[in-house]
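Given the coordinates of chain A, work out where chain B should sit on it, guided by the hints.
Taken in order, these protein sequences are the chains called A and B.
Going letter by letter, the first sequence gives residues 35 to 396 in the numbering used here.
Going letter by letter, the second sequence gives residues 35 to 396 in the numbering used here.
Some clues are possibly wrong.
Copies of one chain are not kept apart here, so a pair can be met inside one copy or by any two copies together.
[Unchecked claim] Simulated crosslink set (DSS-like; lysine-lysine; CA at most 27 Å straight-line): (1) K393 - K327; (2) K95 - K270; (3) K184 - K68; (4) K385 - K361.
Simulated from the structure, these hints should not be mistaken for lab results.
Read off the chains here:
Protein chains: 2
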Amino acid sequence: MQTLHVELGDRRYPIFIGSHLDIQHLLKPYIQGKQVMIVTNDTVAPLYLETYKKALTALDKVTAQCILRDGEKFKNIENLNLIFDALLASGFNRDCTVLALGGGVIGDMAGFAAASFQRGVNFIQVPTTLLSQVDSSVGGKTGINHPLGKNMIGAFKQPSVVFADMNQLSTLPPRELSAGLSEIIKYALLGDIEFLAWLEGNMPKLVAGDEQALAEAVYRSCAHKARIVANDEHEKGERALLNLGHTFGHAIESYLGYGTWLHGEAVAVGMVMAAELSHLMGWISTEDLARVKHIIQQANLPIYCPEIPLDEFLSYMSHDKKVLDGKIRLILMKKLGHAVITEEFNVDYMKQAILNNQKKGE
Amino acid sequence: MQTLHVELGDRRYPIFIGSHLDIQHLLKPYIQGKQVMIVTNDTVAPLYLETYKKALTALDKVTAQCILRDGEKFKNIENLNLIFDALLASGFNRDCTVLALGGGVIGDMAGFAAASFQRGVNFIQVPTTLLSQVDSSVGGKTGINHPLGKNMIGAFKQPSVVFADMNQLSTLPPRELSAGLSEIIKYALLGDIEFLAWLEGNMPKLVAGDEQALAEAVYRSCAHKARIVANDEHEKGERALLNLGHTFGHAIESYLGYGTWLHGEAVAVGMVMAAELSHLMGWISTEDLARVKHIIQQANLPIYCPEIPLDEFLSYMSHDKKVLDGKIRLILMKKLGHAVITEEFNVDYMKQAILNNQKKGE
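Only chain A is shown next, with the shape it has when bound in the complex (with noise of 0.2 Å):
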């Protein structure tokens, strides 16, 4: 078991990483109060819930679970009062903990709720799928989704423990955990090219889903992010830079209708278009934008889109919420591994990475 601080001040907490995790053991410091509200899906449920009731009861704790519909389509506001209406319901109050079992949406409505119920409880974090222990488990930015728009509504809450079990990503869908590898390769291009030669050399163990070198991988991943949230928790500057692919990514989302396409494989292929633009500018060469590509691809990952009309992707694009008074800002790669935010960038070149990225006719 490795473990990780994210270091924010005195909401510095840690992320435990490892296989089969002493839960008991490990979840006790972090409880203070005797009610603990779990919040999960019912896809995880089946799995996991009576594993995590078990050991709080050991731990003589009064655990009720609020088990919500799996998919993102649920992460709503509708949903979200669902475990307001479980908290009220069974008497919780300011000292309870919500603890989230699952993968991101889970943890950001999980997270949201913590945020908000009685002004703020205690929380803490068991992401089930790769994605959210490399992704949504640090920072701390929970939310929900509104119909114009995606984690439109939300808060910034920290939990007080984290604990990411491979052993839990034995039961994840192949394509789940090639949408985590996404955001593990994400961190590599954006900043850490010895990371990206890592990757390269162990990919097809990642892929295989061996143990070992998950943990390798979340472990590196998490000490990237970490590293950059507690530099900028409120995404006022560098923390943009784990918006690499995104602006593009959501406009793909956003254009099939959230959950056709994984999160991850959006940010695929908009990180390819990223790198294409990159290229373009004449910032990276075509070997990097080949190297960009074949990483994605050893991941089981789409490099295209469908044909998205183009002013239609513009249009979902300058909707994305890090578009400031109207000017698209976008995080591109100055060199292979080192990614900067910029708005100092071609149009027609960015015009033309989308169009490059897209398959005809699909």
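Relative to chain A, chain B alone:
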């Protein structure tokens, strides 16, 4: 005009208190982005919305408005969502400002929306009732009600500036003016015997709506609250003193149904009950108790609540948020003008204090 600063480090903000404030001039430094969403209600909008829209337009801002229905019963998740709908339908982004123009309900809802929209945008408060000027405009507590409890869902969100204009109180119904005086009396009772004497001398002016006297009372009240909040932003300790009368008051409000009695009216009777219990405990004299009742009556506030079965009253009290691990903590007066947070009181005396201040047969 007087200016009071709420000292909260990098979230320090000013409260401007006066009559006929020069809004356009004063607002300017507190709005960086171009977009301002005015959240108000259908009572306040016809009176003051145009004034604020004009001032903002003159500052070259783009304004939009969200006009909610007036009343505590609309302080729920459905109406909160109307604010998000308005923000997104207007294409507002993360550098927008949410301006609350109204009483406590509007401030609480607009503040929670500002805390949650895009995980936090700029927030400005223009409290238009006496209660909200002295209570909800200081301290950053925002939120909504849930069918199972009041203010159960929310956030701590500090405004960047507050405008308390006494002139706006001229349109306030007398009953609401009295409800605001209830919270003003609270500050005197919990920690300022000299202010109590001032109130006893000035209550006739206050009840008559004298703007100069009101401004002084608002300034003193906000200064009290600001000092307490600066010491204890997240209510770990001292801030709970502000709940003097509130645990009793919440029981009255809950039993009668929110909106039947005004919050300040319920708190008034709650303060009498707290004073009576303090007297039964031997902490304050018969004369002190009489002074408490007298100042409350001077403000045209009730000192009795309708008859409520004791077991129901106690049950509502124990549902109050300030109950930790099943123990009721009350704010009682160790002496007049000096309140404490305590679990150490005689439960039979508490019951007696409740029963003594009910009007039988009502």
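Starting from the hint list further up, note which numbers the structure goes against and sort them upward.
-> none
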